[in-house]
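Engineer: Throw the hints in and build the complete structure from the sequences for me.
4 protein chains.
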Amino acid sequence: MSEFQRPIRLGMVGGGNDAFIGAVHRIAARIDGQYELVAGALSSTPDKAQASGKALGLAPDRTYDDFKSMAIREARLKDGIEAVAIVTPNHVHMAAAREFLKRGIHVICDKPLTSNLADARKMAQAVETSDALFILTHNYTSYPLIRQARDMIASGDLGDIRVVQVEYPQDWLTQAQPKDNKQASWRTDPARSGAGGSTGDIGTHAFNLACFVTGLTPDSLCADIQSFVQGRQVDDNAHVMLRFQEGARGMLWCSQVAPGNENGLRLRVYGAKGGIEWEQETPNVMRHTAFGEPTRLLTRAGAGTDGQPEHLVRTPGGHPEGYLEGFANIYLEAAECIRAKQDGRDMQSETLLPGLNEGLMGMRFIDACVRSSARNAAWISLQ
Amino acid sequence: MSEFQRPIRLGMVGGGNDAFIGAVHRIAARIDGQYELVAGALSSTPDKAQASGKALGLAPDRTYDDFKSMAIREARLKDGIEAVAIVTPNHVHMAAAREFLKRGIHVICDKPLTSNLADARKMAQAVETSDALFILTHNYTSYPLIRQARDMIASGDLGDIRVVQVEYPQDWLTQAQPKDNKQASWRTDPARSGAGGSTGDIGTHAFNLACFVTGLTPDSLCADIQSFVQGRQVDDNAHVMLRFQEGARGMLWCSQVAPGNENGLRLRVYGAKGGIEWEQETPNVMRHTAFGEPTRLLTRAGAGTDGQPEHLVRTPGGHPEGYLEGFANIYLEAAECIRAKQDGRDMQSETLLPGLNEGLMGMRFIDACVRSSARNAAWISLQ
Amino acid sequence: MSEFQRPIRLGMVGGGNDAFIGAVHRIAARIDGQYELVAGALSSTPDKAQASGKALGLAPDRTYDDFKSMAIREARLKDGIEAVAIVTPNHVHMAAAREFLKRGIHVICDKPLTSNLADARKMAQAVETSDALFILTHNYTSYPLIRQARDMIASGDLGDIRVVQVEYPQDWLTQAQPKDNKQASWRTDPARSGAGGSTGDIGTHAFNLACFVTGLTPDSLCADIQSFVQGRQVDDNAHVMLRFQEGARGMLWCSQVAPGNENGLRLRVYGAKGGIEWEQETPNVMRHTAFGEPTRLLTRAGAGTDGQPEHLVRTPGGHPEGYLEGFANIYLEAAECIRAKQDGRDMQSETLLPGLNEGLMGMRFIDACVRSSARNAAWISLQ
Amino acid sequence: MSEFQRPIRLGMVGGGNDAFIGAVHRIAARIDGQYELVAGALSSTPDKAQASGKALGLAPDRTYDDFKSMAIREARLKDGIEAVAIVTPNHVHMAAAREFLKRGIHVICDKPLTSNLADARKMAQAVETSDALFILTHNYTSYPLIRQARDMIASGDLGDIRVVQVEYPQDWLTQAQPKDNKQASWRTDPARSGAGGSTGDIGTHAFNLACFVTGLTPDSLCADIQSFVQGRQVDDNAHVMLRFQEGARGMLWCSQVAPGNENGLRLRVYGAKGGIEWEQETPNVMRHTAFGEPTRLLTRAGAGTDGQPEHLVRTPGGHPEGYLEGFANIYLEAAECIRAKQDGRDMQSETLLPGLNEGLMGMRFIDACVRSSARNAAWISLQ
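Residue numbers (numbering that gives the first Met the number 0), protein chains in the order written: chain A, 0 to 382; chain V, 0 to 382; chain G, 0 to 382; chain Y, 0 to 382.
In case anyone wonders, no lab produced these hints; they're calculated from the structure. A couple of the hints might just be wrong.
[What the hints assert, rightly or not] In silico SDA-like pairs for lysine to any residue, Cα to Cα no more than 20 Å straight-line:
{"no.": "1", "chain 1": "Y", "residue 1": "K272", "chain 2": "A", "residue 2": "P177"}
{"no.": "2", "chain 1": "Y", "residue 1": "K178", "chain 2": "A", "residue 2": "G291"}
{"no.": "3", "chain 1": "V", "residue 1": "K272", "chain 2": "G", "residue 2": "G263"}
{"no.": "4", "chain 1": "A", "residue 1": "K181", "chain 2": "A", "residue 2": "P315"}
{"no.": "5", "chain 1": "G", "residue 1": "K67", "chain 2": "G", "residue 2": "D218"}
{"no.": "6", "chain 1": "V", "residue 1": "K47", "chain 2": "V", "residue 2": "R75"}
{"no.": "7", "chain 1": "Y", "residue 1": "K53", "chain 2": "G", "residue 2": "I7"}
{"no.": "8", "chain 1": "Y", "residue 1": "K47", "chain 2": "G", "residue 2": "Q4"}
{"no.": "9", "chain 1": "Y", "residue 1": "K121", "chain 2": "Y", "residue 2": "L355"}
{"no.": "10", "chain 1": "V", "residue 1": "K181", "chain 2": "A", "residue 2": "V312"}
{"no.": "11", "chain 1": "Y", "residue 1": "K181", "chain 2": "A", "residue 2": "G291"}
Structural biologist: Below is the structure:
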């Protein structure tokens, strides 16, 4: 049991009624007791913002109708928020983050970074000119076994990496989305989601995870993206070939029209000395094969493993932890960085927390997929 | 998003440094934001109690050295605790619970009910004479797919139940426990754990789950229990045959000496019309076979399922939820019952929350296993 | 490629049209080209015997109406059969085997040994007074990974064995069998199948496999057997607790009324140093855990394994071999023993081929299950 | 039991000592008793040819030193071979097949068709001008569940096919092959294997399976192929994007350097109404999801399935059949076609047996992969 630390005062932009990811962020912030949600601009619709604030128990005077008023007032309050979670549709990320960053309020932002490259550049400027932290919730990087995988590869257990297979199939958009499905609605609207559909929503996760685990530098990609459902304005399936600067090659497949797949993020990495395989839906086990030996099942908090950070492991092996705990790990490490920052130390660079660079790389990934596909799957540089 | 409700003021007995289940209870209480931990008697060692209280951010005047002082003082405070979580070794459950129950403070108690039958009877009296709620954390009953299984069986989807196979293998006690392993130490000490070792620690979970899901009434059992590790004073493996009043038969195996098993609770139920299979380590999927049809994979929050209570499902299908969310479900439903009680309504009997009866049945299970085995596996009534 | 050897002339008793296991024996005998089927008494119904012989291409004068005529004439032929496969319902095994054994013709007999203990004693006498070999097709003992498991345990890899969990669930008799189902008909008829239903048909396999792999000596059992389907004259489900002389304990479950299970023979063995798990439906992989290390997946012909006899492995790892290859392994080793015998050497005792002793133990198992259950699950000695 | 038919007289070219696939063909030919191996030119080394013939029990005068003498003499014999299995390294396929085809002897040839396109054209001519059958052993098409998958897709169960994901990872060439490994030696030698390494050896299987199951017409591909092991002259990993004329898109990955994969052929197909998934290493189960319903596990010979041809199913569900049975299915259907041909009927076109067209498409696949990769993954037409 580590020493008690006062919870960080947290605000939230977006995440009102019917939102999916806002509720996830709130649970993630609560699990380890490191945050206290005290303010919010929870919806762009004032009525909904008010109702949502009330439902969350926020004080009326800290329930805002828009993020700008919130940033301005909270920055002035003696006990104003120290950090803000931005969980809006993508097209709002930049404008919202900027308001808090310029007032020194730390930002925990959902991915992808923004809805377009122009915004991404503005976001970069806002982050770089701010003294506050910027953390991007590429939550899948925080599963203990993913950390273990990264550690093993960095230690050379797999030898030089040759092949990276990553995929992220879902099926929820197999048919034309019902008009009243709020999630489907904005996620398939280029104005709110961005030019990438499946590439932005889940392809960025897959791409980020592959880079995170392998430590490789992406060089270029070629892509063939599709919108299989008639009338859909963004891609719902993407086939991507990847080249890394170190010589490894990869394949990425993301799809929202693959019936039988709920949230099938899966990573496989093969090197000259061994291979690993991991699937998000059963995140407590990872297969590892040292070439010439039987495959071993490494488990979260299980026997004979290291490389799993102790602070990210809440229960003994066999007690399955999942998506929410993985997400909470981001919030837990963010809390540590925020407190260090308040003490004048920059810890984010020492941690594995994703931030601006990962966000920019994700935006380049989406853009490259779209452009490559438009040019009949030409290779596009990611550098 | 439901209406906001003020968090319930929660105390904790046990759960200090190095404890396993105390930390689980605290996370479970935090996940949905329905509780606020404000007081504790976290250890029977005063120094440790103080240090643990501090580490959890409790006010010094609400960090108690013993549960009795805590019960007395909290009951008098205007803003005293409304509920208490009891997470001590088993032999303390009764005495602690009694102090709170008799002062009208709701009790959320870890299983098994007590360390012996005499205590169990006293506990029963304390519960029955109290106006406060008594909830026993048989947490595995709260996995959404377990609720679905129960619902399917109650609806007759499986026909008359014939065979119940339940097992709970672990391997952490395969060898003699190191002296400094606090968990192993009390869990294998009859004075603290009770006469049952594996039967009490995990067999009660397996037995409870089988009864919960099938809705059957246990009639009798015969058991062959063993202590394979030399010098161990309680059982570390148990083989049990079960008879149910409705005519079904079952087998229960629990073990703490089965290498390769981390926390392998597994339930299989077969009836005249179909069967189901579920494993705790992969709790987001359940196999269901209607006889004569292909096996179907039912998933948490997945397609084509019902019987999963909406309030227990925090994320869409494919976002694995696990042990902590299952545990949190107990706390969530308990909060609802506590608030109803405060409004003068008794809701517990309408819910599926385990309580005194389940605890007493668990004690009878342990006792019957020990007595049956001592009589060369004679049948012992559970009624 | 080993040296060519002339195929052994094989006869068959039983196995005519509609038979299941006869066809399996014929494929098993063909896979390695070590046998030539040249004679048969394929049915107890003469018309069917003739039609079946014709369908198999047997010469008309070697297609017999009954096994006795066949034994008499084949024994006199210069090129008469050297071995006979007996694949009739159980009640015919003894009488048929005796005719061949007493004429020096080697017998490969399906399990269980006979339909009752009196017959078993006569069979024992026939085998013991014959110079011919008697091989019982407990085919599951011949999967390469089962041999590997046996080898590992014999080598002490698992330490002293403590717990043996074996089960064999099926679902094909979940409902009352249709009258025209020949398989169901004789297998649920005590006059033809014997007193054991599921215990005889599949329980003997499970029991045999547990003994084979562990090398333990069964001491006693207690059983609770049921006939869940109304009107069924033999058991269709059995729960059995086992004690071994060396101190290990076990559980055996066999069922033919467990919907969702096709042929789910599964063995788990746990010792002081490790555990293994194997399932017949995915026979090319076995889990092995050395206590304190990650579980390893040992595969048929895979990396880092030994203990798999080379002659039983026909293809490289990853090319799944199954039930028929396992069965063929019995025939392959039997061919070796028959040829050695023809050269005056007794090899069977050096091999792991099951024979009379395994058959007698299986009969004791069935008998003990029935008697134990009749005495309310009393312990019955197996010695 | 169908009517008996005299075994077909079979010869073999290649398949001597140390060969892998020759032994597989022989077992496949034996399993159903439809062939009798009577002649062979088993090695290009006369001594080895003689020794191998002896080991297989061939008559000395039907053990040939070269395939041409064999073709000439067998064609003249009254009881000469009716069919020949060609199981040599790829560069010999054409010359050998031609000698038999032009003499009216049916050819069962291992894949890929030849080692280069020029040979493929000659092979095509030889096949087209012959009255004999030409069957290519794309054995994976004969697994019963693969037939079921094809049937389901043809019936529209999956709706219009959108996405095809096929992969075939192995790991046996992860390191530089030992010089004395005969299999590795010729399979990585362009002169014997052809320009494609992994693409030819296993990529052709994956490509063929995808086309077979979906019934789609391949339009074009782009590929990025690699030789990761230093000094290797052929590809050992290939990433391929596929386009089909009907609008579907696909990805194909084959690799021989992916540690932890033994023989991991895996096919996933997704359409507007559903999806299926199948893996070769566990070939007795296939996942099928009708969109909006739970995933169903279809099993070989299991409940609720159709589309599995009865003659390809030798045992009830739960009795795993594998690689050898799948291979035997080719031989079984080939026997039927050969006999029909002998009766003047052409049945091959009515069956699903692969032949020349599949072989030519495979050669175009290899060639396109190599050319596309040489042009930086340009799209290459497959028409």
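Engineer: Does R75/V lie within 20 Å of K47/V when you go C-alpha to C-alpha?
Structural biologist: Violated, at roughly 25 Å.
Engineer: Under the criterion that the straight-line Cα-Cα distance not exceed 20 Å, is the pair K67/G, D218/G satisfied?
Structural biologist: This hinted pair is violated, its Cα atoms lying about 38 Å apart.
Engineer: Check the hint pairing K178/Y with G291/A against an upper bound of 20 Å on the C-alpha distance.
Structural biologist: With a Cα-Cα distance of about 18 Å, the restraint between K178/Y and G291/A holds, given a limit of 20 Å.
Engineer: Sort out whether I7/G lies within 20 Å of K53/Y, counting only the CA atoms.
Structural biologist: holds, 18 Å
Engineer: Has the given pair, K47/Y with Q4/G, been kept, meaning a C-alpha gap of at most 20 Å?
Structural biologist: Given that 20 Å is the threshold and the Cα spacing comes to 18 Å, the pair holds.
Engineer: Taken at face value, is the distance from the CA of P315/A to the CA of K181/A at most 20 Å?
Structural biologist: violated, 38 Å
Engineer: Are the Cα positions of K272/V and G263/G separated by 20 Å at most?
Structural biologist: At roughly 19 Å apart (the allowed maximum being 20 Å), G263/G and K272/V satisfy the hint.
Engineer: K181/Y and G291/A were given as a pair; does the straight-line alpha-carbon distance stay at or below 20 Å?
Structural biologist: holds, 19 Å
Engineer: Has the given pair, K272/Y with P177/A, been kept, meaning a C-alpha gap of at most 20 Å?
Structural biologist: With Cα atoms ~16 Å apart, K272/Y and P177/A stay inside 20 Å; holds.
Engineer: Are K121/Y and L355/Y close enough, with their CA atoms no more than 20 Å apart?
Structural biologist: holds, 11 Å
Engineer: Hey, K181/V versus V312/A, does the alpha-carbon distance stay inside 20 Å?
Structural biologist: Holds. K181/V to V312/A sits at ~19 Å (cutoff 20 Å).
Checked against the numbered hints above, the structure breaks hints 4, 5, 6 and satisfies the rest.
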